[in-house]
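Trainee: Same order as they appear, the protein sequences are chains A and B. Just so you know, we're using the working numbering here: the first sequence kicks off at 1199 and counts up by one. Just so you know, we're using the working numbering here: the second sequence kicks off at 22 and counts up by one.
Take these hints with a grain of salt, some might be off.
Simulated coverage check for chain A against chain B, where a stretch passes if three residues somewhere in it have a Cβ under 8 Å from a Cβ of chain B [said to hold, decoys possible]:
| # | region |
| --- | --- |
| 1 | 1210–1219 |
| 2 | 1236–1250 |
| 3 | 1344–1357 |
Far from chain A, by Cβ distances over 12 Å, these chain B residues were calculated [stated by the list, open to error]:
| # | residue |
| --- | --- |
| 4 | Pro112 |
| 5 | His171 |
| 6 | Met254 |
| 7 | Lys304 |
| 8 | Thr353 |
| 9 | Leu386 |
| 10 | Ser394 |
| 11 | Leu395 |
| 12 | Ala413 |
Since the hints were made in silico from the structure, they are not lab data. Heads up, the beta-carbon is just placed ideally off N, CA and C, and yes, glycines get one too.
The residues making up each chain are set out below.
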Amino acid sequence: MSRLRIDQAIIAKLVDERSRVLDLGCGDGLLLEYLFQHKQVQGFGVEISHAGVHACIARGLPVYHGDIDQGLSDHQDGSFDYVILSLTLQAVRRPEFVLQEMLRVGKRSIVSFPNFGYWRIRTRLAFGGRMPRSVLLPDSWYETPNAHLCTILDFQDLCNTMQIRILRQIPLAAGGGLPSGLISQGLSRWLVPRSAANLLAPIAVFLLERGEP
Amino acid sequence: MEIPSPPPAQSVGVVQTQFVELFNTGKRLLLDCGATLGPVRVAYETYGRLNPEASNAILLCHALSGTAHAAGRHDPNDPKTTGWWDLCVGPGKPFDTDRFFVICSNNLGGCDGTTGPSSIDPASERPYGLTFPMITIADMARLQKALVDHLGVRRLLAVAGGSMGGMLALQWALDYPDSLAAAIIIASTPRLSAQNIAFNAVARQAIMADPHFNGGNYYDKERPRKGLALARMMAHITYLSEKGLHDKFGRRLQDREKLSFGFENDFAVESYLHYQGSSFVKKFDANTYLYITKAMDYFDPFPDPRTTAERLAAVTAKMMVMSFDTDWRFDTSRSKELVKILNWHAKKVTFEEFPSPHGHDAFLLYQPLYQQSLASFLNRLYLEQVGGLVAAPVETDERVDGIV
């Protein structure tokens, strides 16, 4: 038995049944498998690593071995109901381009990312003086795949600039890769007040839609 | 790039090619060109055992110069008699003969035992030569379907092949959607490009320009060996990558210390190509080369985007599309072109590109990621279709209801 990360569990809730889904940077395919099993979705994942692709194949999931930074030109406008980018935005080379492409091929997009404005990260940098590392950001600065870390406020600004409509924003108090013990500690620990989200949430999930030009 | 050698694995052992005569009871094989053929002889081999439900059969499709002999050996003491895909077919290999019943037949128009231009035309009692009707990839698939029916298999687990074999696998998915669960399309393309056709055209011209070609009537005379060898030499260059060829031969001289300042084989690569050409003509028929390359040129299952949806409407097979990064005969973009068409029409497609120094030939060679992927796909297919899949539900915490 495998269990979804907390941001994946939120994303799974946001996806309607029987919709057509594109999961960018789908990794080992866990979220996609859940969506196939429980939401009867159609669609496939995109993954750059052979290990991830092989894990998806072993789960019987359709997967495309490719680089999402190359764009989604293989897909027509609006051909998916949801385009998902879970904990991957920070690792793409061109986040603005990827977001634009996601909202072109998808009617809606769901993005989750680690919030660099989280207080623990701020204090580690402020008082430790070194690049912060955490459960969500485990790698040293010189070997991390993360190229574009941002805060919740930064992300909101980008959506504003790109005229992206934010339909939902769900800042979470618990990070990804949670030990199950934390999950059982109850919901109150997961949600943070919107006003303090940029300080209190290590991770956030956004449901997006293309705004009017 | 250093590629490790494959793990030692078992062989299917000594095998024999079998023959069956189909379309011999009045009903003839109808071809796309309008002509009919009958009777039609098919050379084929099988490995592994068909289960009682006949649900574990896989059809392998060979490429341009392949044969029905995919695995094992014809002569136990002669490694040169090893099948063309022995690396992937056998106990414990991706096409695991402990689980699967594997079928491979020589294609229609071939020269390894299946009816082709070198066969005797029952009407004239002479070899067909160029009176053999023009055939297509769909015609080849039609004959394969008749063989599969003859073997008592109503639905194949998979149809798999590389290069032209991949075109056949795709053709199966389109023409017999209810007769296969998956199509595995490797180093292939949904259509030949102008460059691909150009290479085929030059190969055919080389054959037809041979003074011994004689309009295809050469079976009781000297054969057009030089033309066929030349066609093969040129094609062979396109099967390898520039780097692969250079790494293998570089500018090394052949059996000499200095340049000859003449037109002998100075370089090792020249000698190698001559060997490839001369060994090919011993086992291959020039007319078959003409017919099969033409069939590839004609292959174009999606000629008009407006009719593609209709063409794909009944297709339910899982598609596995694989390519190699140094293949320039059918490069990765050709596989992606197919994947794009299939994805636009919401088919179940998996695509993976593998690193290899070996160009187009890579699909026949060892590359651990490639074999792992193939094994994993086939294993999943077996569990889903034949049985044994243990449900491993993915769980979530329903209390996220409170949040969303």
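Trainee: So, for every hint listed, does it hold in this structure?
Mentor: Right, here's what the structure says about each hint:
1. Only residues whose C-beta sits within less than 8 Å of a C-beta in chain B count toward coverage, and the region 1210–1219 of chain A has 4 of them, enough to reach three; the restraint holds.
2. Coverage of the region 1236–1250 of chain A by chain B holds. Counting CB-CB distances below 8 Å, 4 residues qualify, and the rule asks for three or more.
3. Chain B is given as covering the region 1344–1357 of chain A, and this is violated because 0 residues of the stretch bring a CB closer than 8 Å to a CB of that chain, at least three being needed.
4. No Cβ of chain A comes within 12 Å of the Cβ of B/Pro112; the nearest lies about 21 Å off, and the non-interface call holds.
5. A cut-off of 12 Å between C-beta atoms confirms that B/His171 is not in contact with chain A; the least separation is 31 Å.
6. No beta-carbon of chain A comes within 12 Å of the beta-carbon of B/Met254; the shortest separation is about 34 Å.
7. Distance to chain A confirms B/Lys304 as a non-interface residue, since its nearest Cβ pair spans about 36 Å, more than 12 Å.
8. Not every C-beta of chain A lies more than 12 Å from that of B/Thr353, the closest at about 10 Å, which undercuts listing it as non-interface.
9. For B/Leu386, the requirement that its beta carbon stay farther than 12 Å from each beta carbon of chain A is met, with the minimum near 17 Å.
10. Under the 12 Å C-beta cut-off, the non-interface status given to B/Ser394 relative to chain A is violated; the minimum distance is some 6 Å.
11. The beta carbon of B/Leu395 is not kept farther than 12 Å from every beta carbon of chain A, the shortest such distance being approximately 9 Å.
12. With a cut of 12 Å on Cβ distances, B/Ala413 falls inside the contact zone with chain A, its closest approach being about 7 Å.
Against the hints set out earlier in the document, violations occur for numbers 3, 8, 10, 11 and 12.
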